[in-house]
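S.K.: Going down the list, the protein sequences come from chains A and B. For the first sequence, this note's numbering assigns the number 1 to the initial residue and increments by one for each residue that follows. For the second sequence, this note's numbering assigns the number 1 to the initial residue and increments by one for each residue that follows.
Because the hints were derived from the structure by calculation, they are not lab data. Quick caveat: nothing in here was measured; it's all calculated off a predicted structure. A virtual CB, placed ideally from N, CA and C, is assigned to each residue, including glycine. Do not take every clue at face value.
[As the list claims (entries may be wrong)] Taking lysine-lysine and the DSSO-like style, the derived pairs with C-alpha atoms no more than 27 Å apart in a straight line are:
| no. | chain 1 | residue 1 | chain 2 | residue 2 |
| --- | --- | --- | --- | --- |
| 1 | B | 3 | A | 376 |
| 2 | A | 63 | A | 21 |
| 3 | A | 265 | A | 286 |
| 4 | A | 394 | A | 288 |
| 5 | B | 91 | A | 36 |
| 6 | A | 260 | A | 288 |
| 7 | B | 27 | B | 3 |
| 8 | A | 60 | A | 36 |
| 9 | B | 6 | B | 27 |
| 10 | B | 27 | A | 410 |
| 11 | A | 36 | A | 410 |
| 12 | A | 63 | A | 36 |
| 13 | A | 265 | A | 277 |
| 14 | A | 109 | B | 80 |
| 15 | A | 384 | A | 353 |
| 16 | A | 394 | A | 265 |
| 17 | B | 69 | A | 109 |
| 18 | A | 257 | A | 288 |
| 19 | A | 277 | A | 353 |
| 20 | B | 11 | B | 27 |
| 21 | A | 384 | A | 394 |
| 22 | B | 80 | B | 91 |
| 23 | A | 109 | A | 21 |
| 24 | A | 376 | B | 11 |
| 25 | A | 376 | B | 91 |
| 26 | B | 69 | A | 353 |
| 27 | B | 6 | A | 353 |
| 28 | A | 257 | A | 277 |
| 29 | A | 353 | B | 11 |
[As the list claims (entries may be wrong)] Not the full set, but computed from the structure, chain B residues with beta-carbon under 8 Å of chain A:
| no. | residue |
| --- | --- |
| 30 | 56 |
| 31 | 70 |
| 32 | 71 |
| 33 | 87 |
| 34 | 95 |
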Amino acid sequence: MASQWLPIDQLAANVQSGNTKAQELVEQALTTIASKTEYNAIIATTEDRARERAAAIDAKVAKGENAGRLAGVPFIAKDNFLVYGAETTAASNMLRGFVAPYQSSVIEKLEAEGAICVAKANLDAFAHGASTENSDFFTTKNPHDVTRVPGGSSGGSAAAVVLDLAPFALGTDTGGSIRQPASFSGCVGYKPTYGVVSRSGVVAMASSTDVVGPLTRTVQDTALVMDIIAGRDDLDSTTIEREPAGYLVPNDANSIKGQKIGIIKEYMGEGLSANVKTVIQDAVAKLKAAGAEIVEVSLPSLPLALAVYYIICPAELSSNLSRYDGQRYGHANPDAANLDDSYTGARGTGFGKEAKRRIMIGTYVLSSGYYDAYYKKAQTVRTKLIQEFDQAFKEVNFMLGPVAPTTAFKIGENANDPLQMYLSDVMTVAANLVGNPAISLPAGISNGLPVGLQLMAPQRADRALLTLAKQTEELL
Amino acid sequence: MSKLTKEDILKLARLARLQLTEAEVDKYAVELSEILQYVEQLSSVDVTGLEPTNQVTGLVNVTRADEIKSYGYSPLDLRKNLPSIENDQIKVKRMIG
């Protein structure tokens, strides 16, 4: 796909050298955003803030100072990232009008390197969903077919990248929410190892699986963004040490040859649509031709992963959403007769249908008498899954499969059947439960719609995965 | 298979402090029952000898020095989002008495 933006490192170099003004790049992004509003990718721009920052960066450059590795590069953040001074809604009525009093560590890091947030992207409210149809505001449209969803929950971010609104976007992936929209909309979507990127200042969903990651046009851009955002953060005690070497991958033509890659048997079976299967098989043939040793791997507990996820995720999010009580921030119920009504009224009207659904499932599976049978059992089956992944990664270096069972579905197709909607996560949730890194690469177009190829590596092998992904991208 | 009744939903709504309409209660009873039926497939899984996984990093007792660090933010920023404020204090409903 032809883009109006140079690769991110070149954009930054041009700004640092004075050849391009950061202010020009910001205007370019804002103009493009304004010209494509019919896709509903964006909730709001942060134009004043962006223009101020751009002017400051240009001033820095004029004085001969270092403006950072991402100097002047515009980006779009999913609206569950707190951006200081900007409205941050998580696409929910609960946070409509909420102005972030601090900002996410990732935004902080990107801004410290000169990047400029120009807009907040649409998502399923509180990241609960796989299509953006659960946004309390509007549904984003797939750039390839406006009657279809872009995927979710980072659907706005994926659409923004494909629509060329900005050089890159940020998303979050709790059960597939970066990879699935990347697959449906046609861009690169990266889910890092859990703990590599700080979640501080990102609206929490399921704390044991949430990760932050970039959506970009190329793997090279993803690697650069990862280089900036990865690393331990005192504000997020679940962060781990990052790999010391940079994620920027060298041009290593030999990184496919000799690699042992396992096709995940359980992802290639009955549930997979024929058109997606064909694209994946073509990709496998290309990897084989490039010298990869392709084998089949089986993870027998994979069919259980979705059930495990839909116990753990609602449980954890029900806890994380208990902070929205209408007392200190967020939607309130000021006319309530008493304290209790001020809680239940604020939460009853501030939360959308899916949020309430998930909160209640979570409450149920954590409640007295049910905790052992549901939550504890799910966390134990999770252990089984982790062990199977560990075992598989002793046999192979990487694993591959599709990202989703189908290409983008029609808007409204799954809207009335929550369980059917959950099934679109069936191939992505395992990586969230295990914590290992996974990427969706555009692998082809089928009947006019993008298909993503999923590559996975063991936990903490992000650099190796990005290296493989870069070489694979060149084949596809 | 767990079939949730109207009473079950009302109980969950109570625990989660959610005000629901009649129609919502009826609808959620159906939807949540379907979802629970799906996840109940885990009940037959043999997990003998396995411990639950609560987190995947393996981190234990992450600590930091007990020092005050300024991030440059102001408490005044918090005021912007308060639903109800009086004399620089957050105003809430009566809790006692």
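S.K.: Now, for every hint given, state plainly whether the structure supports it.
M.R.: Evaluated hints:
A threshold of 27 Å between alpha carbons decides the hint, and for residue 3/B with residue 376/A the separation of about 21 Å falls inside it, so the pair holds. Proximity of residue 63/A to residue 21/A is assessed by CA-CA distance (about 14 Å); at most 27 Å being required, the pair is judged to hold. Our distance criterion of 27 Å between C-alpha atoms is met by residue 265/A and residue 286/A, whose separation comes to about 19 Å. Pair hint residue 394/A plus residue 288/A holds up; C-alpha atoms about 20 Å apart against a cutoff of 27 Å.
The hinted pair formed by residue 91/B and residue 36/A fails the criterion: a straight-line CA distance of about 43 Å is larger than 27 Å. The straight-line distance between the Cα atoms of residue 260/A and residue 288/A is roughly 10 Å, inside the 27 Å bound, and the hint therefore holds. Distance restraint check for residue 27/B and residue 3/B: the Cα-Cα separation of roughly 13 Å lies within the 27 Å cut-off, and the hinted pair is therefore satisfied. At most 27 Å may separate the alpha-carbon atoms for a hinted pair to count; residue 60/A and residue 36/A exceed this at roughly 32 Å.
Distance hint between residue 6/B and residue 27/B is fulfilled; the C-alpha atoms sit about 9 Å from each other, no more than 27 Å. At roughly 24 Å between alpha-carbon atoms, residue 27/B and residue 410/A fall within 27 Å of each other, so this suggested pair holds. As the CA atoms of residue 36/A and residue 410/A are separated by approximately 20 Å, the hinted pair is consistent with the 27 Å bound. As the CA atoms of residue 63/A and residue 36/A are separated by approximately 36 Å, the hinted pair breaks the 27 Å bound.
Of the supplied pair hints, the one linking residue 265/A and residue 277/A holds, its CA atoms being roughly 12 Å apart against a limit of 27 Å. With a C-alpha separation of about 25 Å, the suggested pair residue 109/A and residue 80/B falls inside the 27 Å cut-off, and the hint holds. Pair hint residue 384/A plus residue 353/A does not hold up; C-alpha atoms about 33 Å apart against a cutoff of 27 Å. Distance check on the hinted pair: residue 394/A and residue 265/A sit about 17 Å apart at the alpha-carbon level, within 27 Å; holds.
This hinted pair checks out: residue 69/B and residue 109/A have alpha carbons roughly 17 Å apart, not beyond 27 Å. Distance hint between residue 257/A and residue 288/A is fulfilled; the C-alpha atoms sit about 9 Å from each other, no more than 27 Å. With a CA separation close to 34 Å, the supplied pair residue 277/A and residue 353/A exceeds the 27 Å bound. Restraint check for residue 11/B and residue 27/B: the C-alpha separation of about 15 Å stays at or below 27 Å, so the hint holds.
As the CA atoms of residue 384/A and residue 394/A are separated by approximately 16 Å, the hinted pair is consistent with the 27 Å bound. For the hint pairing residue 80/B with residue 91/B, the CA-to-CA distance comes to about 14 Å; that is within 27 Å, so the pair holds. Between residue 109/A and residue 21/A the alpha-carbon distance is near 21 Å, which keeps this suggested pair within the 27 Å criterion. Straight-line distance between C-alpha atoms of residue 376/A and residue 11/B comes to about 22 Å, which keeps the hinted pair within the 27 Å bound.
The suggested pairing of residue 376/A with residue 91/B is violated, with an alpha-carbon distance near 39 Å, which exceeds 27 Å. Under the criterion of a C-alpha separation no larger than 27 Å, the hint pairing residue 69/B with residue 353/A is inconsistent with the structure, at around 40 Å. With a C-alpha separation of about 17 Å, the suggested pair residue 6/B and residue 353/A falls inside the 27 Å cut-off, and the hint holds. Distance check on the hinted pair: residue 257/A and residue 277/A sit about 23 Å apart at the alpha-carbon level, within 27 Å; holds.
A distance of roughly 17 Å separates the Cα atoms of residue 353/A and residue 11/B; the hinted pair therefore holds under the 27 Å criterion. Residue-level restraint check for residue 56/B holds (minimum Cβ-Cβ distance to chain A is 3 Å; threshold 8 Å). Because the closest C-beta pair between residue 70/B and chain A is about 12 Å apart, greater than 8 Å, the hint is violated. Interface restraint check for residue 71/B: the shortest CB-CB distance to chain A comes to about 7 Å, inside 8 Å, so the restraint holds.
Here the hint on residue 87/B is broken, as its CB sits about 16 Å from the closest CB of chain A, past 8 Å. With its C-beta approaching chain A no nearer than about 6 Å, residue 95/B sits inside the 8 Å limit, and its interface hint holds.
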